[in-house]
Amino acid sequence: MNKQYNILNDPFLYLLIFFGVFPFIPLLGKYLSLGTEMLIWILYSLSFNLLLGYTGLPSFGHGAFYGIGSYVTALVYLQFINNSKNIFLPVLAASLIVGMLAYFFGFIIRKKRGIYFALITVAFSQVLYIIAFKWTEVTGGELGITRLFRGQFLGIDLNNSTRYYYFVLIIVFLGSIIIRKITLSPFGKVLKALKQNETRVQYLGYNSAKYCCYVMTISGIFAGLCGGLYCLLYGAVFADNMHWVKSGDVVIATLLGGGMTNFYGPIVGSSIFVLAREILSSVWDNWMLLYGLAFVLIILFMPTGLLGMVERIKEKKHTEQFNNNNNKKKKDLEGIAHKEENK
Amino acid sequence: MDLLRTENLTKKFGELVAVNNVTISIKEKGVLSIIGPNGAGKTTFFNLLTGFLTPTEGKIYLRDEDITDMYPYDIVRKKLSRSFQIASYFPEFTIFENIQMGVFNRLGYSYNFLANSKQLKDVNEETERYIEMLSLSDLKDMKAKFLSHGDKKILDIAMCLTIEPEILLLDEPTSGVSGTERMKVIHFIGELAKKMKIVVVEHDMDIVFSISDRIVVLAQGSILADGTIEEVRNNEDVQNAYLGGNIEGGDEDVVLGKNK
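Quick note, the sequences are listed as chains A and B, same order. Read in order, the letters of the first sequence correspond to residues 2 to 344 in the working numbering. Read in order, the letters of the second sequence correspond to residues 357 to 616 in the working numbering.
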């Protein structure tokens with residue numbers, strides 16, 4: 002049970018190494034914005050997986066949190082600290098404001114489950130999308146808000162893409178560690194239990210609605226942060242990011258990797274997803290067709306995702322081992338009984 | 357002071373009266389069995405007591421405190437726990453983790469975001485204590501979904517115990533459990549009755565007569581009889597309605613309300 006923590010066994014170490022040397026990988030390394038987007042998506046899908054994979058809440062409106070994070074970053078940036086030396090404040094503001102919004106929204110739907118939860122989240126994200134699309138004075142409407150410059154962080158100019166890449170890497174890495182810590186805590190255990198049997202959770206004395214509200218908040222905080230980082234990556238924000246189809250993207254990325262059964266699933270899934278999207282769209286204009294087909298195939302043949310298959314093999318081994326042990330014990334007992342009979 | 361008391365408890369589902377005007381008081385310690393034919397309102401009665409359903413009329417008091425409109429989690433914190441007719445547990449968790457879930461709450465870790473749940477020493481010790489008590493040590497790293505039916509039932513009851521209840525409601529603890537495992541469950545209930553009040557819903561009369569101190573018979577939502585084993589056994593109404601007395605037609609299952 003209490004295995005000693007060994008940093009060499011920690012997948013995060015290898016992730017850090019991979020993304021640390023990413024800018025130096027031949028061919029891939031040239032596309033730094035792609036690498037940055039992959040990193041942002043890792044944190045984004047991990048935050049989403051707290052809802053879907055851990056608590057079993059099928060949210061289809063996560064794109065709204067991401068989009069609002071982008072808008073808040075852009076607006077705070079333009080209103081208060083244009084050309085300022087600090088870009089961390091707008092991102093922090095995005096994180097906190099989206100967190101508050103998520104708490105409020107989570108409070109409203111804290112008792113809804115399953116299909117009702119899914120539908121309400123879709124409606125919620127669509128309402129916000131329309132607001133962003135129509136409210137031209139504030140959000141720029143169809144044209145969005147563009148021409149944002151990254152500015153500085155602690156005196157380091159982040160307009161350089163390599164520097165911004167590493168800035169994002171550090172934030173994403175810290176964010177992922179916090180999310181993992183939460184999933185391993187008693188709070189995280191309650192979330193996992195909620196997914197399996199909510200009635201039992203209540204009859205152990207936990208207020209399940211409160212947990213749903215809190216997990217929405219935590220998830221929103223990180224989604225807002227990712228939205229902010231994304232906005233600064235391209236220096237622009239558009240309402241498109243809030244469309245419910247975009248919310249579907251994170252669901253697919255999470256499912257593809259196996260977020261339902263494994264913490265690292267979303268990391269694998271979103272990396273593949275961003276990479277494949279980029280490659281396919283440059284090869285073929287109608288790549289959405291393949292994308293749709295892939296989605297159907299995943300749901301049909303691989304509902305637990307890539308890492309879900311690994312998990313299944315592990316489970317099989319576990320039961321085999323257990324059965325072997327049991328059989329051995331039985332044989333031992335029979336042996337003893339036999340000996341006593343002979344005496 | 358009564359441990360648990362209901363006053364004119366009534367629950368209606370549309371036209372159907374599932375629990376009808378039940379007034380009952382439950383004293384500390386011992387085993388109280390609630391029996392009655394299918395559809396007599398036993399499980400509904402449990403659901404009302406534990407806050408799963410809100411009564412149409414009437415009041416419930418736990419140690420003289422009104423708990424009628426409380427949520428299940430608040431009632432559980434007041435040391436009233438229940439098991440389910442179909443064993444209720446966390447299938448993807450190991451037995452250890454299942455038991456741990458109850459211990460977290462009692463030791464005040466419910467909203468702890470940052471501690472590693474595997475390294476909480478007090479929780480682990482407490483969980484081990486329960487596992488030893490239930491003699492499940494061999495199975496503790498096994499996922500609950502692979503357990504036998506009887507062990508699942510025991511796990512369900514074990515999870516109720518982790519909140520250290522003073523009153524425990526067991527809904528058909530031996531339903532669907534095979535012979536030898538059944539003895540295990542009965543023995544276990546007997547042990548528990550020394551420490552806390554147990555209210556049990558059970559169909560098997562042999563079991564009811566062997567473990568109960570007091571029996572309440574429900575029929576169509578109302579109390580038909582209430583008393584010691586002897587009193588209930590000699591009660592004419594009960595004999596007619598439930599224990600297979602001579603009734604015109606004589607088809608027991610019709611009387612029991614079972615649909616064939």
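Hints are computed from structural coordinates only; laboratory data are not their basis. Honestly, I wouldn't trust all of these hints.
Claimed, not checked - Stretches of chain B that chain A covers, calculated by requiring three or more beta carbons in the stretch to come under 8 angstroms of a beta carbon on chain A: (1) 457–468; (2) 508–519; (3) 528–541.
Said to hold, decoys possible - List time: in silico SDA-like cross-link candidates among lysine to any residue, alpha-carbon distance up to 25 angstroms: (4) A:K317 to B:K496; (5) B:K496 to A:V311; (6) A:K196 to B:Y465; (7) B:K435 to B:N394; (8) B:K499 to A:T305; (9) A:K332 to B:L463; (10) A:K196 to B:V541; (11) A:K193 to B:H505; (12) A:K182 to A:I172; (13) A:K317 to B:K383; (14) B:K501 to A:F323; (15) A:K211 to B:L463; (16) B:K474 to B:F449; (17) A:K112 to A:M101; (18) B:K434 to A:K182; (19) B:K501 to A:R114; (20) B:K496 to A:V22; (21) B:K474 to A:I179; (22) A:K317 to B:T400; (23) A:K315 to B:N472; (24) A:K332 to B:F449; (25) A:K193 to B:K496; (26) B:K383 to B:V541; (27) B:K496 to A:F323.
Unchecked claim - One side only, chain B facing chain A, incomplete, derived with CB under 7 angstroms: (28) F369; (29) V373; (30) T410; (31) P428; (32) R433.
Note that beta-carbon positions come from the ideal geometry of N, C-alpha and C, so glycine has one too.
Pair hint K435 of chain B and N394 of chain B, alpha-carbon separation not exceeding 25 angstroms: Judged against 25 angstroms, a Cα distance of about 29 angstroms means the pair is violated.
Interface hint status, V373 of chain B versus chain A (Cβ within 7 angstroms): violated, 25 angstroms
Proposed proximity, F323 of chain A with K496 of chain B (alpha carbon, max 25 angstroms): Satisfied, since the Cα-Cα distance of roughly 11 angstroms is no more than 25 angstroms.
Holds or violated: K501 of chain B to R114 of chain A, with C-alpha atoms at most 25 angstroms apart: Within the cut-off at roughly 23 angstroms; holds.
Interface hint status, P428 of chain B versus chain A (Cβ within 7 angstroms): holds, 4 angstroms
Hinted pair K196 of chain A and V541 of chain B, Cα distance within 25 angstroms: Violated. K196 of chain A to V541 of chain B sits at ~28 angstroms, over the 25 angstroms cutoff.
Restraint status (C-alpha distance of K196 of chain A to Y465 of chain B at most 25 angstroms): holds, 19 angstroms
25 angstroms limit on alpha-carbon distance, applied to hinted pair K315 of chain A and N472 of chain B: holds, 23 angstroms
Hint consistency between K332 of chain A and L463 of chain B [alpha-carbon to alpha-carbon, up to 25 angstroms]: violated, 41 angstroms
Pair hint outcome, K434 of chain B versus K182 of chain A [Cα-Cα no greater than 25 angstroms]: violated, 31 angstroms
Pairwise hint evaluation, T305 of chain A against K499 of chain B, where the allowed Cα distance is 25 angstroms at most: Given pair K499 of chain B, T305 of chain A holds - Cα atoms ~18 angstroms apart, limit 25 angstroms.
Stated coverage of the stretch 528–541 of chain B by chain A [criterion: 3+ residues, CB within 8 angstroms]: It is violated: at least three residues are needed, and the stretch 528–541 of chain B offers just 0 whose Cβ sits closer than 8 angstroms to chain A.
This entry does not satisfy hints 3, 7, 9, 10, 13, 18, 20, 22, 24, 28, 29 and 30, going by the numbered hints stated previously.
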